[in-house]
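Trainee: Sequence:
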Amino acid sequence: MRCLTTRTLLRALAQAARAGHPTGRNLHGSTVAATYKFVNMREPSMDMKSVTDRAAQTLLWTELVRGLGMTLSYLFREPATINYPFEKGPLSPRFRGEHALRRYPSGEERCIACKLCEAVCPAQAITIEAEPRADGSRRTTRYDIDMTKCIYCGFCQEACPVDAIVEVSGPGVRRGRGAEAVRTGLTRPHPPLPTGPQLRVLHRDPRGAPVQQGEAAQQRGQVGSRDRRQHPGRLPVPLTPLPAGPAAPAAQ
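Numbered by full-length UniProt numbering, the letters in the sequence shown go through residues 1 to 252 in order.
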């Protein structure tokens, strides 16, 4: 009696499909099935050595032993990871990181609410609201960046006429829970400013609490409940220059 191999069985099914036999029909139809070609199909060797090897692999779990050996071998190799934050990997000079709003050394915000960054943003991720001050200058009351839309193109940084918004070129970002990202200090070419609070959390939280009017101008609006964090290297209030003498803390 002739033993039916896999190839013989498939050939018989294909012939039955061409003849319109019901056994040759499948989900794709007999006409399509007749055009199937099976490539790289090799019949197992039936000599004694091959049969013995296959039986040994099945009974002795040689694949499992080889896999465990590969896993255990990595215990004695040099790790590929780095000890972050004590060690930092190299960054490309073209790397664009988190956004940051800069201030003048006096603590005054740089942003003049020209809204060029809002207009040039291709992802429409920037929202700015402004109002005139008592001295006639115009400053922002709300500066929000939706980081879920930002594509890090850098157009906002290039369009700003006063270099108020920058994209930090270093890894100095400490990630918090949810979608928060808090700056831990600017890196070169924009070093951290020594005075004045700064809006350092750029991920908006729609469930957050409103910022009080007495805080920094660009912090007014609806931001996250944990957005108001002071850097230990900055004063709690900005310094304002006096007509004569050194700078003094601004009035609350």
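These aren't lab readings, by the way, just hints derived from the structure by calculation. The structure presented is a predicted model; accordingly, all values stated were derived computationally and were not measured. We treat Cβ as the ideally placed atom computed from N, Cα and C, and that holds for glycine. Don't take every hint at face value.
So the derived label-pair ranges between C-beta atoms look like this [what the hints assert, rightly or not]:
1) Arg54 / Lys149: 54 to 60 Å
2) Ala123 / Phe38: 46 to 52 Å
3) Arg7 / Ile82: 52 to 58 Å
4) Tyr36 / Met70: 22 to 28 Å
5) Phe38 / Asn83: 37 to 43 Å
Cross-link-like lysine to aspartate or glutamate pairs, in silico, EDC-like; alpha carbons within 20 Å at most [as the list claims (entries may be wrong)]:
6) Lys115 / Asp144
7) Lys115 / Glu63
8) Lys115 / Glu131
9) Lys88 / Asp144
10) Lys149 / Glu108
Trainee: Against this structure, judge whether each hint is valid.
Mentor: These are the hints, each one checked on the structure:
| no. | hint | result |
| --- | --- | --- |
| 1 | Arg54 / Lys149: 54 to 60 Å | 57 Å, holds |
| 2 | Ala123 / Phe38: 46 to 52 Å | 49 Å, holds |
| 3 | Arg7 / Ile82: 52 to 58 Å | 53 Å, holds |
| 4 | Tyr36 / Met70: 22 to 28 Å | 36 Å, violated |
| 5 | Phe38 / Asn83: 37 to 43 Å | 52 Å, violated |
| 6 | Lys115 / Asp144 | 12 Å, holds |
| 7 | Lys115 / Glu63 | 63 Å, violated |
| 8 | Lys115 / Glu131 | 12 Å, holds |
| 9 | Lys88 / Asp144 | 29 Å, violated |
| 10 | Lys149 / Glu108 | 29 Å, violated |
The structure fails hints 4, 5, 7, 9 and 10 (numbered hints given earlier, in ascending order).
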